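Chains as they are written, first to last, in the working numbering: chain E, 1 to 295; chain Y, 296 to 530.
Keep in mind that the hints were calculated from the coordinates and are not lab data.
Accuracy of the hints is not assured; some may be wrong.
Claimed, not checked - 27 angstroms max Cα-Cα, derived DSSO-like pairs, lysine-lysine:
hint : chain 1 : residue 1 : chain 2 : residue 2
1    : E       : K164      : Y       : K406
2    : Y       : K313      : Y       : K367
3    : Y       : K402      : E       : K164
4    : Y       : K406      : Y       : K367
5    : Y       : K321      : E       : K164
6    : Y       : K367      : E       : K164
7    : Y       : K367      : Y       : K400
8    : Y       : K367      : Y       : K321
9    : Y       : K402      : Y       : K367
10   : Y       : K313      : Y       : K521
11   : Y       : K321      : Y       : K400
12   : E       : K139      : E       : K121
What the hints assert, rightly or not - Pulled from the structure, derived: some chain Y residues nowhere near chain E, Cβ distances all over 12 angstroms:
hint : residue
13   : N308
14   : T354
15   : K367
16   : R385
17   : G433
18   : P512
Only a predicted model underlies this, so the values are computations on that prediction, with no experimental measurement involved.
Virtual Cβ for every residue (Gly too), placed ideally from N, Cα, C.
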Amino acid sequence: MLEQQLVNGLTLGLIYALIAVGYTMVYGVIELINFAHGEVYMFGAFLCMMFLTVFGAPLIVAVLLSMVCCALMGVLLDVVAYRPLRNAPRLAALITAIGMSIFLQNLAMIIWGSRPLPFVKEALPAFFKVTALSFGDVKISWMQMTIYIVAVALMILLNLIITKTRTGTAMRALAQNRVCASLMGINVNRVIAFTFALGSGLGAMAGIMVSMFYNTMYPTMGYNAGVKAFAAAVLGGIGSVPGAMFGGVVLGIAETLGAGYVSSPYRDGVAYAIMILVIILRPSGLLGRAVTEKA
Amino acid sequence: MLELHDIHTYYGNIHALKGVSLRVEKGEIVCLIGANGAGKTTTLMSISGVTPPRQGAVTFLGEDVTRCTTEKIVSRGITQVPEGRMIFPRLTVRENLLMGAYLRKDKNGIKAGEERAYELFPVLRERRSQMGGTLSGGEQQMLAIGRALMAQPALLLLDEPSLGLAPMVVENIFEIIEQINAEGVTVMLVEQNAQMALQISHRGYVLETGAVTLEGPAADLLADPKVRSAYLGLD
Ligand SMILES: Nc1ncnc2c1ncn2[C@@H]1O[C@H](COP(=O)(O)OP(=O)(O)OP(=O)(O)O)[C@@H](O)[C@H]1O
Ligand SMILES: [Mg+2]
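The shape of chain E in the complex, shown without the other chains (with noise of 0.2 angstroms):
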């Protein structure tokens, strides 16, 4: 069944790189590594679940309003753990942000409980049961290419954000240099809010999707899927966003043949496998800069 694998191995691949481009964006531009950002993918699918239930919103606004409000969480961390950190120690914001990433845990705990929920089935539309695209015995179903052509489309849509806007130059530029980027004018708080904004958004999106995919959503969700995504962006180089696409989509299908041929206990033991094989033998990632540039 290796084309069964395949095909499963690529949906959870893009959807770590979905989260894995927030992890390699935010550390990109202030060169933190943003271990809550697991938890604001969790809060996606539990926010979107809470405005299908509670709100009896439509798919697509609970889908949107979840990411809203997931990247407003995201600007949140920001403003209020690691701002007035910017200028600490290294250290004093990496703790801050293992900390935050418990209290969000916890928070979510106490608003919906420890035990796993269900997707709303009911507001899936039905055609998502369907079978797209059928060969030989491999399946693909309409809610499996929902999540290629989702996550596909908004890593293009990120892209250009980053290579075309304003804004996204800023971002790249404040990652090369900050303080030259202040002297262009570049506001750098707003521009590292928005980065954190933009990975936030998308990472609201894995989880949704996540959460649709095994029908299954729970607090510590974040945890094992952030580390994986971590994992994904240092595959692809920490700081390169095609890097962090890349990396999730080898990771997500290097897992699943390794649960299909090997045996599925060892589905996390192969990505840590994988990244630290990464670090010792190409710690830039396999599209990373290999050396510093000259400034």
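Here the structure of chain E is known, so what remains is to put chain Y with the ligands in place on it, guided by the hints.
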């Protein structure tokens, strides 16, 4: 136009500027010379709001800008060509220029500004799609100046534009600085290359360990025995 009144700037506990006062009048080229570590860069960064002074006042066009953010200061018309040029290495030449116009909203004006930069420095036009980091030192200096002009500054701060460049290139850059000044941009120039800097300046200041020790018309400084021995390597 610009006035620093007794400013004190610190890096943590390090007291880098110990009461610097100076002024720049509209239309002038004023140069600031001094040895390594005298506080020249710190003075410019204090004006730009990157390292705001803890005491004293900076006024620009009659307004107190001491506590303004860098964004505000740039929008009021002061831009800087920082020491070491600080080109964004992985932005193209064109993107580097556009970052200089970050606060401008007038699309046509920005386009005209870009065109103007290519006229001043034709080599930038050829290289506009190339990454900034691949330019030579001289080209990077040209790009840094072109980029700072994109904001249409009233006052341009230049930090050691001649640093590490071949004499021919330095001459070219200094000519451009004079030309920019003739077109109405007031210039404050920090230099180690005191001879050349004083030659194109109207007035000058000598900075020593965080304080101004000498000031006057550039011609007087060029003739001053202390300046001649300490900064011009003459006599
Ligand atoms: N980031 C910093 N942290 C601590 N001290 C600093 C920092 N930057 C500068 N200083 C100190 O402040 C003083 C003034 O430095 P500044 O860079 O302004 O000198 P400069 O005149 O520009 O020297 P140069 O000609 O070498 O560029 C120096 O003693 C320097 O060591
Ligand atoms: Mg200096």
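Regarding the pair K321(Y) and K164(E), is the alpha-carbon distance no greater than 27 angstroms? violated (38 angstroms)
Restraint check for K164(E) with K406(Y), where alpha carbons must lie at most 27 angstroms apart: holds (16 angstroms)
Does the alpha-carbon distance linking K139(E) and K121(E) stay inside the 27 angstroms limit? Holds, because 21 angstroms separates the two Cα atoms, which is no more than 27 angstroms.
Next pair to validate is K367(Y) with K321(Y); report whether the Cα-Cα distance is within 27 angstroms. holds (20 angstroms)
Against chain E, does N308(Y) hold up as non-interface, every C-beta pair farther apart than 12 angstroms? holds (15 angstroms)
Checking one constraint from the list: CA of K313(Y) to CA of K521(Y), max 27 angstroms. Satisfied? Holds, because 21 angstroms separates the two Cα atoms, which is no more than 27 angstroms.
Keeping to a limit of 27 angstroms between CA atoms, is the pair of K402(Y) and K367(Y) held or broken? Measuring from Cα to Cα gives roughly 20 angstroms; hence the hint holds.
Taking 12 angstroms as the cut and beta carbons as the points, is P512(Y) off the interface with chain E? About 30 angstroms separates P512(Y) from the closest Cβ of chain E, which puts it past 12 angstroms; holds.
Any Cβ of chain E at or closer than 12 angstroms to T354(Y), or is the non-interface label fine? holds (20 angstroms)
Between the alpha carbons of K406(Y) and K367(Y), is the straight-line distance 27 angstroms or under? Cα-Cα ~23 angstroms, so holds.
Status of the stated non-contact between K367(Y) and chain E (beta carbon gap over 12 angstroms): violated (9 angstroms)
27 angstroms Cα cutoff - pair K367(Y), K400(Y): holds (15 angstroms)
Hint compliance for this structure: hints 5, 15, 16 are broken, all remaining hints hold.
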